[in-house]
Each structure stands twice: as structure tokens, then as C-alpha cells.
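Student: Chains A and B, in that order, give the protein sequences.
Residues 8 to 133, numbered by my numbering, are exactly what the first sequence covers, in order.
Residues 508 to 613, numbered by my numbering, are exactly what the second sequence covers, in order.
Hints in this document: simulated from the structure, not taken from any laboratory.
For every residue, glycine included, the Cβ atom is placed at its ideal position computed from N, Cα and C.
Some hints could be false.
[Claimed, not checked] Reference listing, derived: stretches of chain B covered by chain A, where coverage requires no fewer than 3 residues with Cβ under 8 Å from a Cβ of chain A:
| hint | stretch |
| --- | --- |
| 1 | 518 to 530 |
| 2 | 565 to 579 |
| 3 | 599 to 610 |
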Amino acid sequence: SSSCSSVFCRDDRMEEPVAQEDVTFNADEVNGIVKEIVEMTLGTASYAHNKVSQWSSEILEAIIKRLTATQKPYKYVVTCSIMQKTGAGLHTASSSYWDNTTDGSTVVRWENKFLYCITAVYGLAT
Amino acid sequence: FRPAVAQEIIRDVLQKHLEGLVYNPESTVQWTREIAEDVRKQLKGEEQFDSRYKFVVQVLVGEQRGQGFKLGCRCLWDTDTDAFAEEVYTTDSFFCVVTAYGLYHY
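Could you build all of it, start to finish, from the sequences and the hints given here?
Tutor: Take a look at the structure:
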């Protein structure tokens with residue numbers, strides 16, 4: 008099996024060739040799942056420090072459940088950051104060592120008037 | 508994948524890159540990228556980790572302005588072989604969270 012390194016920063020995304028048995032990371036599908044779940048959990052909520060833990064857990068668990076249901080031979084890492092809007096800056100970057108033909112990631116940025124929610128999903132074929 | 512070893516690596520990289528720096532919107536973009544790449548390279552080079560491991564390194568740098576912030580993660584993996592390590596570096600002007608995940612490729 009071949010492996011090579013790739014650097015992902017914000018909006019970079021790799022084009023993957025369509026493989027047999029659908030062993031590719033379908034970024035669009037995952038994006039859709041994440042957006043739906045975040046919207047459903049946070050909606051128009053205003054930042055409440057005591058609820059953030061709960062929201063974060065709900066979002067993460069729902070995403071993992073949906074990913075598992077796709078029944079693909081993948082391992083997943085899902086991270087979710089929720090930040091209050093105070094004008095502060097936030098930067099994220101990620102770097103991965105994986106197989107470019109089968110693995111991938113997506114980052115979904117969501118916001119409403121009171122908070123930001125950044126959700127990243129990394130899928131690695133087993 | 509031993510988290511303690513990865514943690515040491517992350518700690519060293521953070522010290523090296525962020526010592527004495529102040530939050531700056533333009534350069535932070537570069538810092539995050541550099542830190543992520545550096546950690547990834549060092550993890551790959553670390554002999555203690557089997558060559559069949561895949562790594563994902565995530566770096567988050569935020570300005571300190573008293574805002575609330577929560578970072579959570581969930582993973583679907585094999586608990587026998589996979590793990591993650593996390594380090595936080597804080598100064599008066601910013602905070603930096605680095606998480607490194609090691610996943611075994613069978």
C-alpha cells in the first residue's frame with residue numbers, strides 16, 4: 008500500500024479518483040451530515056457556558072453515529088470546537104500522514120450571532 | 508502508539524515555535540501550519556511508532572480575550588492500537604491546542 012504525506016489547511020481538499028468498492032472519503036456526503044447535525048443542535052442558541060459541553064457531545068455523538076451507519080471500512084476522528092463570539096481570532100491547521108487515495112478530511116465552519124462552531128472530520132481507511 | 512511519547516514531541520515543537528511570541532493575526536496562520544507540519548514530520552520520524560501508523564495532527568490557535576471555548580472529540584477506532592495525545596500552550600495573548608492522533612493501518 009502506498010502512503011504519502013499531505014498538508015491540509017482550511018479549505019484545501021484533494022481530488023480523489025473513484026475507486027472500486029467505494030473506498031474513498033466522500034467529503035460532500037460528510038459535509039452534508041455535519042451541517043445538518045450542527046444546525047439541528049445549535050440552531051439559534053446563544054452561547055451558554057454550561058451547555059457547551061452538552062452541545063459538543065451531542066454533535067460529536069450524532070456525527071459518529073451517522074458515519075458508522077454508512078458502513079464504510081473507515082476509522083474516524085471527529086473534533087468539534089465551539090467558541091463564543093467576542094471578536095477574538097481563531098486559526099486552525101492540520102497536517103496528516105495518510106494514504107491520499109483513500110483518506111480525507113472535511114472542516115465545516117458554522118456560526119450564528121453568538122458563537123462559532125468548527126467541526127472537522129478525518130476519515131482513514133483501515 | 509504511546510501518547511506520552513507523542514506528548515513530548517508536541518511539547519518540544521510548541522516550545523520551539525511559540526516561545527516568546529505574541530498573538531498576531533497575520534503570522535498566526537503561518538505558525539499553525541508550521542506547527543502542524545513539524546509535529547507530523549517528527550511523529551513519522553519517531554522510531555518507537557510502527558511504520559504502519561497513520562497520523563493526523565490538528566493545531567488550534569486562538570486569541571485570548573476572555574471568551575469561552577470548548578474543544579471536544581470523538582473517535583471511531585480500535586482502542587487496542589489507536590490513541591491520541593494533546594498539549595495546550597498558553598500565554599497572555601493566545602492559547603494553542605495541539606492534538607495528534609495515531610491510527611494503525613492493518
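Student: Determine for every hint whether it applies to the structure shown.
Tutor: Hints, verified against the model:
With a threshold of 8 Å between beta carbons, the proposed coverage of the stretch 518 to 530 of chain B by chain A is violated, since 1 of its residues qualify and at least three are required. Coverage of the stretch 565 to 579 of chain B by chain A holds in this model, with 15 residues showing a Cβ closer than 8 Å to a Cβ of that chain against a need of three. Under the rule that three or more residues need a Cβ within less than 8 Å of chain A, the assignment of the stretch 599 to 610 of chain B holds, with 3 such residues.
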